[in-house]
Amino acid sequence: MRSVIALFMASLKAQYEYRLNFWLDTLINGVNLFSDFLLMAFLMLSFKEIGGWSLGEIAVIYSIVEMGWGIFRLFGEGLHRFEELMVTGRFDLLLIRPMNTVKQLLLERIDFRRLGVVIEALAVAVFGFTASRIDFGDMWLAYIVLVFFSTVMTFEINIILAAIAFWTVRNSDIIVLAFYSTRTAAMYPAHIYGPVLKNVLTFIVPLATVAYFPVGYLTGRITSIIALISPVLGVTALLPVTVLIWKLGLKHYASTGT
Amino acid sequence: MSGLAIAMTSFNRSRAYLLNHLVNNLGSFIFGYIYVSIWKAALGDSPETPSMVTYIMVNQSILWVTMFLSRGAYLPQKIREGTIVFDLLRPYGLLFCSFFEVAGHGLYSLIFRATPIFLLGYLLLGVSPPEIGSLLPFMLTLFNGFLISFLFNYFVGLWSIKFLSPTAAQGLLYMTMNLLGGAFLPAEYYPGFLRFLMPLLPFACANYYPSSVYLGTVSLVRALVLQCFWIVVLFLLALYMTEKLTRSIQVQGG
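So the protein sequences, as listed, match chains A and B. The first sequence: position 166 = 166 (the working numbering), numbered continuously. The second sequence: position 34 = 34 (the working numbering), numbered continuously.
Please note that a few of the clues may not be correct.
Said to hold, decoys possible - Restraint ranges, calculated between C-beta atoms of paired labels, are given here: (1) B:Leu19 to A:Ser255: 21 to 27 Å; (2) A:Ala6 to B:Cys228: 56 to 62 Å; (3) B:Tyr122 to A:Ser255: 40 to 46 Å.
Since the hints were derived computationally from the structure, they do not count as laboratory data. Every residue gets a Cβ at the ideal spot worked out from N, C-alpha and C, and that includes glycine.
Pulled out of the complex, with its shape left as it was, chain A reads as follows (with noise of 0.2 Å):
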């Protein structure tokens, strides 16, 4: 634990150093991102519904999806570069250390500039809360709930994508295949899309069952008390998957060297 607090002091401090940098782009990475959604609710000013939702309802799905992805860049920084470190070689330092290598990736960096994410997420749901029919009390919980499964499954998707690196070396246009689309895909509700990318969205890259599938329950869209349950199913079924991909790539894994 004490290296823990450690290495959070050292990214605070060190990021911290550059002030003015670290204020701005903690901004711009928060006004960045919610410039996708005031584009959406620009459109949604013409039109009011879309698939039969709300903007107020849309926006709940997007923060949930967006909150998983902010609290993953704030702590995920090492998983996220990964490639970096398999171009260099530096992962044989990981290598020789006594930790989890897991556990080294998260801690090598806390990005404080994602708060900017984790606060425009965080508005983006207040407004949704507000805009929509959706009863304010027990939902927050509910919310609590669903960014915590979002989360993890961001970091086990992840995990997975940075596993690929053991074999190809270079992953970064592979997360954007794997990852990017299909995150931004389920930040809207997955019924508007054809088959293909509805179930990949579902049993493949499972990030619908995190917002989409139980908020549409709770709105009252969706009858099956399979989509309620659907977040805790989505993320242990992937934990295996994880695990086993990691190892596997752990085994595979050759230095390219410096």
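Given chain A, work out where chain B should sit, using these hints.
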């Protein structure tokens, strides 16, 4: 002649990552598909739907020529590594050198990124191919869109000469282009005064005008007048700022 050589080198350098880019193209196509799905869900069976699908996918394809150009026209990287000194030694200006370098990459992106994404849209999403008469006007406005985007990226590069880190300027540029470029939303869907303001701003020159000319919803003359106006303004500003900023340059790396 030297400009072409720079452009060719940059083109070939980009080509080294062809396989990565092809994987990325698939991701980019899915993004286009997401936006197409949103529009289809919003418009329903409206007669506007097919043209909106084309609008979105044309934009999604040309993003690689008009929005996602090389970060800061390669300048931030050169400042970090210190190689900018070699550019400053050369017998032509920084603006000239950056332009051809980005142009080489832009041409590569047009062939290996924009075209495959467009073809996927044509094959899988029913995007309308351009009419013979509008192909040339489209390419012309696309080139102008590229110029505008290059100049904006160049400003990000100049920012990093002054402030060393490009992230803030880069983020700001991305946000403004995203909000006001019109790639997801054509001008008529903007609320209130933005509906009139957005088509007058330089950001709209990058995406809104090329794709509207493609569809024939905006006249070529109107697009060209606005694009050329902004190109001249931004170019003069770029010249002035290059002159001012390169007098005192801090090189970081080595």
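| query | Is 21 to 27 Å a correct range for the gap between the Cβ atoms of B:Leu19 and A:Ser255? | reply | Since the Cβ atoms of B:Leu19 and A:Ser255 sit about 22 Å apart, the hinted range of 21 to 27 Å holds.
| said: The hint says 40 to 46 Å between B:Tyr122 and A:Ser255; measuring C-beta to C-beta, is that right? | reply: holds (44 Å)
| That 56 to 62 Å hint for A:Ala6 and B:Cys228 (C-beta), does it hold up? | holds (58 Å)
Violation of the numbered hints given earlier is absent; every hint is satisfied by the structure.
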